[in-house]
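First to last, the sequence lines map onto chains A and B. Position 22 of the first sequence, counted from 1, bears residue number 22 in the working numbering, the numbering being contiguous throughout. Position 141 of the second sequence, counted from 1, bears residue number 141 in the working numbering, the numbering being contiguous throughout.
Treat the hints with care, as some may be off.
[Claimed, not checked] Simulated coverage check for chain B against chain A, where a stretch passes if three residues somewhere in it have a Cβ under 8 Å from a Cβ of chain A:
hint: 1; segment: 29 to 38
hint: 2; segment: 74 to 83
hint: 3; segment: 110 to 122
hint: 4; segment: 134 to 143
These are computed hints drawn from the structure, not numbers from a lab. No residue lacks a Cβ here, since even glycine has one placed at the ideal position from N, Cα and C.
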Amino acid sequence: MKIIIGLGSCGIAAGGLKVKEEFLRLVQGNPGADVTMAETGCMGMCYKEVMVEIVDNDGNSTIYGEVNEDRARQIFESHVLAGKPVTEFIVRSSTQETEHDSFFAKQERIVLARCGHIDPESIDEALQWDAYKGLEKALKEMTPDEVIEEVLKSGLKGRGGAGFPTGQKWKFARAPQSEKKYIICNADEGDPGAFMDRSVLEGDPHAVLEGLLIGGYAIGADEGYIYCRAEYPIAIKRLNIAIEQAKARGFLGNNILGTGFNFNIKITEGAGAFVCGEETALIASIEGQRGMPRMRPPFPANKGLFSKPSNINNVETLANIGWIIRNGADAFASFGTAKSKGTKVFALAGKIARGGLVEVPIGIPLKDIIFDIGGGTASGKAFKAVQMGGPSGGCIPASLIDTTVDYEELNATGAIMGSGGMIVMDEDNCMVDIARYFLNFTQSESCGKCTYCKIGTKRMLEILTRITEGNGAEEDINKLLELAEQIKKNSLCGLGQTAPNPVLTTLRYFRDEYEAHIRDKKCPAKQCKALIKFTINQDKCVGCTLCAKNCPVKCISGAVKTPHTIDQSICTKCGTCKAVCKFGAVSVD
Amino acid sequence: MSCNNCQGESKYFEAFERIMAEHYHGSESDLIPILQKLQGAYGYLPKDIITRLSERTGIFSTQIMGVATFYSQFRLQPTGEKTIKICFGTACHVNGAEKVADALCDELKIEMGGTTPDNKFTLESVACLGCCSLAPVMMIGDETYGRLTPDKARKIIRELYAKGDQA
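Sequences and hints are given; from them, build the entire structure.
Below, the structure written as structure tokens:
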């Protein structure tokens with residue numbers, strides 16, 4: 001019997017370490033029981049964390065969800081000791097169907113194949129699952145040019161957002177003659193609401209190392225850097241362990257696998273600057289400078305890190321490489337559409353019933369991801385829009401839910417594929433507020449180099465703020481459009497060039513909401529504080545005093561068993577009264 | 001010959017010396033890792049440490065300050081005993097992070113970025129903690145608190161204060 005505990009960041013945040021301690025205590029308290037304990041990374045079903053898998057001696061797997069210390073004790077006593085699974089907590093099982101199987105039915109796992117199955121701190125488990133077989137094949141059977149050709153043929157595009165063909169990028173970096181070249185893994189996952197790369201790094205670090213090694217071999221680099229956010233301590237720890245293990249097994253260092261290929265990897269911790277996701281800014285940051293983008297050309301392929309030819313790929317891109325070399329370009333290209341091949345990992349979050357990490361073949365309709373996999377909105381309220389691509393992306397409205405997930409189709413909506421953040425919104429979300437939220441983010445993350453980005457985003461944010469505060473003017477929409485165009489045209493890097501996208505897409509699909517804020521001074525979603533008012537319906541209120549007791553600013557008055565009233569001059573519109581009222585007596589307008 | 005002050009001073013710079021010996025290899029690209037380690041040891045980047053770093057490396061202190069102020073990770077002011085990191089990621093935002101933040105500001109009577117007068121808590125906003133399925137989320141020290149409401153957030157603070165009083 002084996003007890004496997006999911007300890008990705010999500011699992012730990014949900015209390016995974018306490019569950020682990022409880023199981024450890026139980027195992028130690030039953031020395032006679034034939035039980036081993038193991039850990040794994042993200043299993044994908046974030047909405048069911050903490051997750052625990054029990055594998056019995058026949059190899060049958062049972063996965064339990066929302067495990068806490070109390071459930072751990074029940075599972076241990078009933079399943080582990082007595083062999084009787086605790087049916088009510090099961091979310092997945094190899095012997096029976098569950099309602100959660102539909103979460104996986106339309107998924108296709110290449111990048112996440114090992115995540116949640118292997119212990120990320122054990123190279124032996126990764127090797128059992130074919131890790132480094134692609135590297136071995138590349139080094140022993142293929143020339144660097146053949147590797148590049150294979151990646152080109154696979155149709156793999158950069159998964160960080162821009163979608164540039166990876167093979168092409170490698171070709172550019174291979175071309176220059178230089179004694180020293182670098183290959184860099186961009187693990188500075190900065191989009192708020194995106195956690196794909198973190199989960200891969202935490203769940204299967206060897207996949208990323210293998211991709212970096214193969215890329216290094218292809219372009220002629222002997223040194224690799226992984227630029228990882230300092231906010232991902234578990235990912236950094238597991239990468240360091242993986243690097244040491246790979247060195248000990250001869251997959252890293254000098255004369256790798258006896259082929260004469262030398263390669264070493266260093267980890268650089270980012271220091272919290274969103275713009276460092278841009279490649280020239282990232283290079284400046286590794287060099288110890290302020291992370292500000294520079295003009296291109298020269299492109300990093302010719303003059304990159306420490307002025308040497310360099311190539312930069314995103315985590316997910318690299319995690320595909322081993323699989324492609326191992327299984328061949330054709331196998332990879334069998335997934336996807338005519339123009340976009342393979343799979344894409346998405347972090348499904350927001351107002352979604354079943355949030356988590358999903359990997360789907362490119363070309364799947366958005367509605368399959370949101371409804372079949374994600375189970376629709378958590379609130380049961382109407383689905384309003386999905387935000388893709390974070391601060392560089394846009395909002396796709398419910399009316400376009402049949403759009404397929406493909407670089408070209410998504411670009412046509414004004415959103416982008418992006419790095420994989422997918423935030424679902426229901427009818428309670430105000431789209432003007434969402435636009436303001438993203439502008440606030442890009443504005444504070446603008447490095448300040450380009451005037452249009454630095455000042456233009458500030459002006460856009462001011463306009464959006466005054467609209468949400470009920471002070472918008474009729475000409476504000478045109479001002480936003482004009483600023484958006486100028487910022488896009490006159491910014492050096494992707495941050496500025498795409499910063500207006502959240503505003504442009506919400507204006508395109510939800511212009512009526514902007515107009516309601518400006519003309520009628522109303523927020524249709526009832527979110528913008530300055531435009532809403534909480535009142536107590538005197539006929540429905542029974543005077544239970546619950547709202548008055550819970551009001552943080554004590555602005556509700558009334559005697560017991562008589563209808564209460566809200567003092568509007570004090571009310572901070574926090575909504576607590578509405579949330580606690582059991583009689584539906586509090587309304588918001 | 002020695003005086004207490006000098007002893008105190010050399011003790012203060014002990015961590016600095018240790019970090020420099022371990023992480024400075026004579027290159028400008030060592031700067032950010034060194035600043036990270038220094039902040040880890042001192043809790044923030046004190047002025048006298050930056051001056052000493054400049055003297056030792058030959059990197060102008062204006063350049064060090066340029067780097068230190070560019071990246072959001074670096075702090076030039078000390079923080080309270082515990083830092084409350086409230087997540088402003090998109091998933092948290094659509095699930096009401098702003099209301100939770102308002103409640104925390106009100107409960108602690110400080111602004112975002114401020115430290116309580118008793119030096120117990122510093123309130124910080126972060127772009128994304130990455131546990132989006134638990135949104136809205138905050139971290140206090142190493143502990144993560146998920147699925148927050150304004151009320152729940154207030155109660156957590158009150159409980160932490162109550163625990164502190166007992167101890």
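To see whether the hints hold, each was checked on the structure:
Check on the segment 29 to 38 of chain B: 7 of its residues sit with their Cβ under 8 Å from a Cβ of chain A, so the three-residue criterion for coverage holds. By the rule of at least three residues with a Cβ nearer than 8 Å to a Cβ of chain A, the coverage given for the segment 74 to 83 of chain B is violated, with 1 such residues. Counting residues of the segment 110 to 122 of chain B whose beta-carbon sits less than 8 Å from any beta-carbon of chain A gives 0, not enough to reach three: the coverage restraint is violated. Counting residues of the segment 134 to 143 of chain B whose CB lies closer than 8 Å to any CB of chain A gives 3, which reaches the minimum of 3, so the coverage claim holds.
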